[in-house]
Amino acid sequence: AQSVTQLGSHVSVSEGALVLLRCNYSSSVPPYLFWYVQYPNQGLQLLLKYTSAATLVKGINGFEAEFKKSETSFHLTKPSAHMSDAAEYFCAVSDAGGTSYGKLTFGQGTILTVHP
Amino acid sequence: EAQVTQNPRYLITVTGKKLTVTCSQNMNHEYMSWYRQDPGLGLRQIYYSMNVEVTDKGDVPEGYKVSRKEKRNFPLILESPSPNQTSLYFCASSSRLALEQYFGPGTRLTVT
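First to last, the sequence lines map onto chains A and B. Numbering-wise (the working numbering), the first sequence opens with residue 1 and increments by one. Numbering-wise (the working numbering), the second sequence opens with residue 1 and increments by one.
By construction, these hints were calculated from the structure, which means they are not laboratory data. Some hints here could point you the wrong way.
So the derived list for chain A, only partly shown, Cβ under 7 Å to chain B, looks like this [what the hints assert, rightly or not]: (1) 51; (2) 60; (3) 61; (4) 107.
All figures in this text were calculated on a predicted structure; none of them were measured in a lab. Note that CB positions come from ideal geometry on N, CA and C, so glycine has one too.
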């Protein structure tokens, strides 16, 4: 069975500071990993995905994440936070290469607050 | 424009009154899925469908039904809603090539 743990349900940073949102996963097959963002009263938007190519993945809005197999981690970072980054972020794992094609298992979510 | 649509966006109903939330996608995706989102629990899969007439249970299927008679549509049915089904519901679709799932805007359901 797959699982995802996001460390920290709330993260608060100053505008211009580094953003680091932590995600650890558990998977019995090589995983595909995703970060989604949810702005208030909106659906989920894909930020970036890892599908067994480059371990450092660049996404939209200046975000990137690094897949570390030895640490079973896929942390999301952004060098300089912007007020518009305030949202809830979800890490998710899929065994799209296995039998449960397409199913996403989500972490609990991390609410990012950016203050001036 | 490629999109997943859901209707209604907001719904308040009473216990036991059957309801259907519709979901439609225009991307010719094989895979469609329903999730519910609850605070502190992230999103949990209710049901999914690999293709027309092929559906299966997700992690929290109790109290829900689905059908997939057409490739583009995947309605979620609550035959006897209860207050513990008050939640935010998302429909999603994907293809084997795309891998990531595309989400609808969500349906906020309140059962009193």
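* To do: Using Cβ atoms only, decide whether residue 107(A) comes closer than 7 Å to chain B, and label the hint accordingly.
  => holds, 5 Å
*Hint validity - residue 61(A) Cβ closer than 7 Å to any chain B Cβ*: violated, 16 Å
Discussion item. Quick check on residue 60(A) please, does its C-beta sit within 7 Å of some C-beta on chain B?
Written reply: Violated - the Cβ of residue 60(A) stays beyond 7 Å from chain B, reaching only about 12 Å at its closest.
Checklist line | Minimum beta-carbon distance criterion (7 Å), residue 51(A) to chain B | finding: With Cβ-Cβ at 6 Å, under 7 Å, it holds.
Checked against the numbered hints listed earlier, the structure breaks hints 2 and 3; every other hint is satisfied.
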